[in-house]
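Could you put the whole structure together from the sequences, leaning on the hints where they help?
Protein chains in written order, with our numbering: chain L, 1 to 383; chain A, 1 to 316.
The hints are simulated quantities; they were obtained by calculation from the structure and are not laboratory data.
Model, not experiment: these values are computed from the prediction.
Here a beta-carbon is modelled for each residue, glycine too, at the ideal position from N, C-alpha and C.
Warning: the hint list may mix true and false statements.
To be verified - In silico EDC-like cross-links for lysine to aspartate or glutamate, where the CA-CA straight-line distance does not exceed 20 Å:
#  : chain 1 : residue 1 : chain 2 : residue 2
1  : A       : Lys262    : L       : Glu4
2  : L       : Lys15     : A       : Asp221
3  : A       : Lys280    : A       : Glu265
4  : L       : Lys355    : A       : Asp221
5  : A       : Lys44     : A       : Asp33
6  : L       : Lys15     : A       : Asp54
7  : A       : Lys236    : A       : Asp221
8  : A       : Lys131    : A       : Asp33
9  : A       : Lys131    : L       : Asp31
10 : A       : Lys236    : L       : Asp31
11 : A       : Lys234    : A       : Glu220
12 : A       : Lys234    : L       : Glu4
13 : L       : Lys355    : A       : Asp13
14 : L       : Lys7      : A       : Asp13
15 : A       : Lys262    : L       : Asp10
16 : L       : Lys15     : A       : Asp259
Unchecked claim - For the chain A half of the interface with chain L, some residues (derived, Cβ under 8 Å), not all of them:
#  : residue
17 : Tyr45
18 : Asp47
19 : Gly49
20 : Ser52
21 : Gly57
22 : Val85
23 : Lys98
24 : Ser136
25 : Gly139
26 : Val154
27 : Glu220
28 : Leu223
29 : Tyr229
30 : Phe230
31 : Leu233
32 : Tyr244
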Amino acid sequence: MELEFDKEIDTILRKAGSTSARYVVTGEHLDADAIAAFAEGALPQNVRVQYTSHLADCGRCTGILAQVAMSMPAEESRPAAVVAPAESTVPWYKALLATRNLSLAVGSLAVLFAVMIGYMAFRTGADRNSTVTQVTAPANPVEEPFRQAETSDTATTGTSNSNAASAAMANSAAPKSNTAMTAAPVANAVGNIPGVGSAPKEESLSARAVQDLPLSAVNPSDAVVGGTGTAKQPADAAKPTAAAPPPPPAPLARSADAERSADVTTMAESTSPQAQASRDSRLRAAQPPSAKMSQSRSGPIQNQQNQINNRSFEMPVTRSAGGKTFNNRDRVWYDSSYSGQATTNVRRGSEEFQKLDSGLRSIANNIGGTVVVIWKGKAYRIQ
Amino acid sequence: MSFPAEKHRATIDESLIRVLNRTSNDRGITAADARPRVIRSLEKYMDAGASSTDVAGFIEDLRADDLCLILACEKGDESAWNDLVAGFDGTVKSAARKIAANSEDADDLASSIWAELYGLRRDAEGNKKSKLAYYSGRGSLGGWLRAVVAQLAVDEFRKQSKFVQIEEDREFEKLASEADHNGSSLVAHNGNPEELFSEGQTSADVSAALASAIASLEPEDRLIIKLYYFEDLKLKDIAAVFGYHEATASRRLARLQNDIRKAVEKNLRADHGWTETEVKRYLSETAAGLGLNLESLLALLLAMAVMQDILPSSVL
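Laid out in structure tokens, this is it:
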């Protein structure tokens, strides 16, 4: 509960302050260097505690401290005190969701609605077999089981489904060929991203991107005959969707993985079309199966749904850099070991930033945006 | 026990080299040049039981550029001295203007500071005595210079402060005694608390209770109260000193007021025999501004203003 300003006690204290003996001499005084360092928060904690005890009882030193504090320009004062909380820089439309719980609730609702819409769209599509078979979206391993299930189900009910199956083959051949064509560019794109491919991890990542493409991408005939193979494709197989418009560039949703942290950063920062396609594939790799199922179809409604699903996963929750794990809260990346202590604020490109350790600067540059890092026991807020 | 510099020599040297390497302009200062100053700083601010990691971290946090500038000035580097004056004359003058009553006094104060920094005085051996030797590099050079200005001004003002405090107290006592003798009262006799106040007992009780309440606070809380009420420091400046946001400082002050209120009320009831009604009435009427005759208050304020105008010109 927040306490209100007590005017009565305030008045009494002001009267006491106006008549008090201000410069009572108590013990050995602090010199200018100690007082200046105290005002700027540049003292070790135990020393600061000692000096606080002295200042609390020494009018002379308190007077000097007050003069120093009053004459300190804002840009030179302790960064943690000058910088407003992150929420104060949030635009008004985001301030509506400033409270953490409200943000979580709204985000959860958005995800829930997206899942519901996706499920409804899937149900609608499942009821219309011919519509499904007319879809020109390239096949993906998740889509295949359903297509297979549909064709197998319809085959038991009527011979017309054989036409549907052949139509499926014909239709899927085109997007599959597209997929085959894009498989190579995707692999190339990963290799072309700066910084990627210079380490074994990146190579394995790009290799995985190719490996994760469905078998049907290179062998369309397997889409119908070798259905079980494709049906058993892992749910997280990456595959670009030709029909769906690419979502805006966004960092990937990944669980904390120190070995791939550089990959995540590098890929997130690249804006080339191939890189975008690669990001799209990984974006879908991180999505739950229900979302990906709905993404497999094209059409205006589904495209919108794809965009909704993509956007709901644009903002990753956790990132890693330099062996540290960062969690995103209100668009600020917090070191997992940060426990709310006061931070030293540093702006990228400033003189203070250049004075930081290279490791710390590297982490800040890798993570990007506003990042709170614990470095050698001190908390830094770099933005 | 003093800081064992020899024990951490390797750490000190390594850290110094690292720190000097990252400066934008070391001005020819080597680790050997900086070592004595850094060791003195460690002895001043570090515990004897500090680990090598603590020592390395302490040195890493030094303001290397500022320290190199000061060390170069001490070595007699004229270009360094010119850079110091060019870069920080504005800081010194600005700090002086905030303390002095007028610009002329501020310029005099600033000139005194530069003379102290340059070292116009010499010791028994003929060496220059410069305040630059006291800069450790922990805080910024600008902050240190502001503290030097404030220290000089406050120490000078302290010499006159005894007269100031005595005169201020006399004014209050004089007004109170005149009121008693002449029958006119500073206090409006509207009820029992005001009558007590005019007799002095009320104010004495409250002063004692207030002093006790403040003394019982934690040092940091006590310092906040002193800075806000006794030094008239703004909340944003207090927040800057303690490293949190102004809103946090405001909430903290409100909490302290609440704590002080509870302590004062408890003290007045327990130690001075006040009733609950008397306590609440006194506090509310004090807040309403009762108890002081307006004309007398204005006369007192005028006297204080005149004294403040006189004193800075004689001090500086």
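Cross-check of the supplied hints:
no., hint, result
1, Lys262(A) / Glu4(L), "holds, 14 Å"
2, Lys15(L) / Asp221(A), "holds, 19 Å"
3, Lys280(A) / Glu265(A), "holds, 8 Å"
4, Lys355(L) / Asp221(A), "violated, 34 Å"
5, Lys44(A) / Asp33(A), "holds, 18 Å"
6, Lys15(L) / Asp54(A), "violated, 45 Å"
7, Lys236(A) / Asp221(A), "holds, 16 Å"
8, Lys131(A) / Asp33(A), "holds, 18 Å"
9, Lys131(A) / Asp31(L), "holds, 11 Å"
10, Lys236(A) / Asp31(L), "violated, 24 Å"
11, Lys234(A) / Glu220(A), "holds, 16 Å"
12, Lys234(A) / Glu4(L), "holds, 18 Å"
13, Lys355(L) / Asp13(A), "holds, 18 Å"
14, Lys7(L) / Asp13(A), "violated, 56 Å"
15, Lys262(A) / Asp10(L), "holds, 13 Å"
16, Lys15(L) / Asp259(A), "holds, 18 Å"
17, Tyr45, "holds, 5 Å"
18, Asp47, "holds, 7 Å"
19, Gly49, "violated, 10 Å"
20, Ser52, "violated, 13 Å"
21, Gly57, "holds, 5 Å"
22, Val85, "violated, 18 Å"
23, Lys98, "holds, 5 Å"
24, Ser136, "holds, 5 Å"
25, Gly139, "holds, 4 Å"
26, Val154, "holds, 5 Å"
27, Glu220, "holds, 5 Å"
28, Leu223, "holds, 4 Å"
29, Tyr229, "holds, 4 Å"
30, Phe230, "holds, 4 Å"
31, Leu233, "holds, 5 Å"
32, Tyr244, "holds, 6 Å"
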